[in-house]
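Using the sequences plus the hints, can you model the full thing?
Sequences listed follow chains D and V, in order.
For the first sequence, the residue numbers in the working numbering are 1 to 158.
For the second sequence, the residue numbers in the working numbering are 1001 to 1066.
Quick caveat, the hints were computed from the structure, so don't treat them as lab data.
Values in this document were obtained by computation on a predicted structure and should not be read as measured data.
Idealized CB from N, CA, C, for every residue including glycine.
Any given hint could be a false lead.
As the list claims (entries may be wrong) - On the chain V side, residues computed to face chain D include the following (Cβ under 10 Å):
no.	residue
1	Gln1016
2	Ala1020
3	Lys1024
4	Ser1026
5	Ile1030
6	Ala1032
7	Leu1035
8	Pro1040
9	Val1043
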Amino acid sequence: MNVRYLFPNKFKNIGWFILIPSVVIGLVTHILDYEPILLDFNVPAIFIQEFLGDKHFIGIVNNNILNEILGVLMIVSSLLVAFSKEKSEDEYILKIRLESLVWAVYLNYAILLISLLFIFDLSFLWVMLLNMFTILLFFIIRFNWQISKLKKSVFYEE
Amino acid sequence: MKNSIKVERAKKNITQADLAKLAKVSRQTINAMELGKYVPSTVLSLRLAQIFEVEVSQIFTLEESD
Chain D
1 MNVRYLFPNK FKNIGWFILI PSVVIGLVTH ILDYEPILLD FNVPAIFIQE FLGDKHFIGI
61 VNNNILNEIL GVLMIVSSLL VAFSKEKSED EYILKIRLES LVWAVYLNYA ILLISLLFIF
121 DLSFLWVMLL NMFTILLFFI IRFNWQISKL KKSVFYEE
Chain V
1001 MKNSIKVERA KKNITQADLA KLAKVSRQTI NAMELGKYVP STVLSLRLAQ IFEVEVSQIF
1061 TLEESD
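Below, the structure is given as structure tokens:
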């Protein structure tokens, strides 16, 4: 079955290779609040709200770009891990893929609803930060778990 | 939906792995179909019929719940 919206199988390993280190570095640097000065840059911004100030569109802000770099790496690599073909991609795997995706969206929004109701103010920034990655993360976990279950199930036969 | 893939496969004396290769799907998919866990697409059904040299309706039959 020819599916145009999935990456070739080899991108899955490339994805893992980037994803794991960037998650580790991302978590550690975020928790320790580490921002190396050499990554401080003046960068263009589409929307700016100054601290206790007014809002405007388009401008230049001074920003540490470490979290942007890590964020891009994490999003791109988890897309590769999530949406690269399996070695033996066929229509049954596509069905498992779809089910896992729906399941991941449900779980993600269930957690988001609970967080919305019970986490407030600045603490909610953590929710928004993690929520950028959780849909794909839940999908990756569920899909790979289902696939490994499938591979084990096949030893009955003949 | 019921299917007689296992029976047809026995008639032809081929393994799940052989059939998987012929039908261009994974062995897990053949297994899941035989266990009634997966209903194949029209394309795959036609391919199976071609391999077993029978009509599609001889492999697949509707059940009351369908």
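Each hint, compared with the structure:
The criterion of a C-beta within 10 Å of any C-beta in chain D is met by Gln1016 (chain V), whose closest approach is roughly 6 Å, and the hint holds. Given hint, Ala1020 (chain V) at the interface with chain D, holds; its Cβ is 9 Å from that chain's nearest Cβ, closer than 10 Å. Against a cut-off of 10 Å between C-beta atoms, the interface hint on Lys1024 (chain V) holds, since the closest Cβ of chain D lies about 7 Å away. Given hint, Ser1026 (chain V) at the interface with chain D, holds; its Cβ is 4 Å from that chain's nearest Cβ, closer than 10 Å.
Hint status for Ile1030 (chain V) relative to chain D: holds, with the closest Cβ pair at about 9 Å, below 10 Å. With its C-beta approaching chain D no nearer than about 6 Å, Ala1032 (chain V) sits inside the 10 Å limit, and its interface hint holds. Taking 10 Å as the C-beta contact cut-off toward chain D, the hint placing Leu1035 (chain V) at the interface holds, the least distance being around 9 Å. The restraint placing Pro1040 (chain V) at the interface with chain D holds, with a minimum CB-CB distance near 7 Å, inside the 10 Å limit.
Against a cut-off of 10 Å between C-beta atoms, the interface hint on Val1043 (chain V) holds, since the closest Cβ of chain D lies about 7 Å away.
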